[in-house]
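Given chain Y, work out where chain V should sit, using these hints.
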Amino acid sequence: EIEETVKKLTSVKGVKGLFVINMDGIPIRYTFEADLVTHYAAIAHQLVMQARSIVRELDNTDDLVTLRLRSKNHELIIAPEKEYTMCVIHVPDVSYD
Amino acid sequence: GTVARMGSLQVEETLKRIQQQKGVEGYIISDEQGTVLRTTFVDETEKDMVAKLSQDLPALATRASSAVRDLDPTNVMRFVRVQTRKKELMIAKDSGFVMMVVQGAVGQE
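If you're matching them up, the sequences are chains Y and V in order.
Take any residue in the first sequence, count from 1 to its spot, add 135: that is its number in our numbering.
Take any residue in the second sequence, count from 1 to its spot, add 1: that is its number in our numbering.
Note that these hints are calculated values from the structure, not bench results.
Heads up, some of the hints might be wrong.
[As the list claims (entries may be wrong)] Cβ-to-Cβ under 10 Å is the rule here; a few derived chain V residues that face chain Y:
| hint | residue |
| --- | --- |
| 1 | D49 |
| 2 | M50 |
| 3 | D57 |
| 4 | A60 |
| 5 | L61 |
| 6 | R64 |
| 7 | S66 |
| 8 | A68 |
| 9 | N76 |
| 10 | V77 |
| 11 | R82 |
| 12 | R86 |
| 13 | L90 |
[To be verified] Think about it this way: if two alpha-carbon atoms lie no more than 27 Å apart in a straight line, the pair counts; the simulated DSS-like pairs of lysine-lysine are:
| hint | chain 1 | residue 1 | chain 2 | residue 2 |
| --- | --- | --- | --- | --- |
| 14 | V | K17 | Y | K207 |
| 15 | Y | K207 | V | K88 |
| 16 | Y | K217 | V | K53 |
| 17 | V | K23 | V | K87 |
Ideal Cβ positions, reconstructed from N, Cα and C, are used throughout, including at glycine.
Next up, chain Y with everything else stripped away, as it sits in the complex (with noise of 0.2 Å):
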């Protein structure tokens, strides 16, 4: 299933790069260097977790769906998933200055 969704990702125009992590925020699948994905990796774990508590308690029937990093150079896309948490690294055509 996981397989599945790499594989549909990664053929999207401007994906850069994409990872898997477990729900520790191990990197489980990922398209480019390992070192530069343990950084992701940690990043996207923290941020996930923070973001999701934030939500849950603000409203306890409410749960966190994508969490959107917009920057300069990219957007990181962060998806909690029940058993893992899938994240794209996205460069659109239009730069965001």
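Only chain V this time, still in chain Y's reference frame:
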């Protein structure tokens, strides 16, 4: 000072435009520590939400921007979007201010 900057006509017009965007429920402007400077959520029933958001979202945005700079010192954080089942929270930090916009849930892009 801060109030004079905040009160400029350009800022007022931008804030009005944001508020008028389809789906926007309101916004909160705070400093980086989360002290609320201005908000459209003035109802008693919204006090708790404003307190929580202004306390938690600036910290999330700060962490996100540190992380982005850590990964690549040439990169700069623009904004953070928290999409939940019911809402979308947009956070932008700039010049010591934190802008938080609350929208109803948007469809998948």
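We went through each hint and held it up to the structure:
{"no.": "1", "hint": "D49", "verdict": "holds, 9 Å"}
{"no.": "2", "hint": "M50", "verdict": "holds, 7 Å"}
{"no.": "3", "hint": "D57", "verdict": "holds, 5 Å"}
{"no.": "4", "hint": "A60", "verdict": "holds, 8 Å"}
{"no.": "5", "hint": "L61", "verdict": "holds, 6 Å"}
{"no.": "6", "hint": "R64", "verdict": "holds, 6 Å"}
{"no.": "7", "hint": "S66", "verdict": "holds, 8 Å"}
{"no.": "8", "hint": "A68", "verdict": "holds, 4 Å"}
{"no.": "9", "hint": "N76", "verdict": "holds, 5 Å"}
{"no.": "10", "hint": "V77", "verdict": "holds, 5 Å"}
{"no.": "11", "hint": "R82", "verdict": "holds, 4 Å"}
{"no.": "12", "hint": "R86", "verdict": "holds, 6 Å"}
{"no.": "13", "hint": "L90", "verdict": "holds, 8 Å"}
{"no.": "14", "hint": "V:K17 <-> Y:K207", "verdict": "holds, 26 Å"}
{"no.": "15", "hint": "Y:K207 <-> V:K88", "verdict": "holds, 25 Å"}
{"no.": "16", "hint": "Y:K217 <-> V:K53", "verdict": "holds, 26 Å"}
{"no.": "17", "hint": "V:K23 <-> V:K87", "verdict": "holds, 15 Å"}
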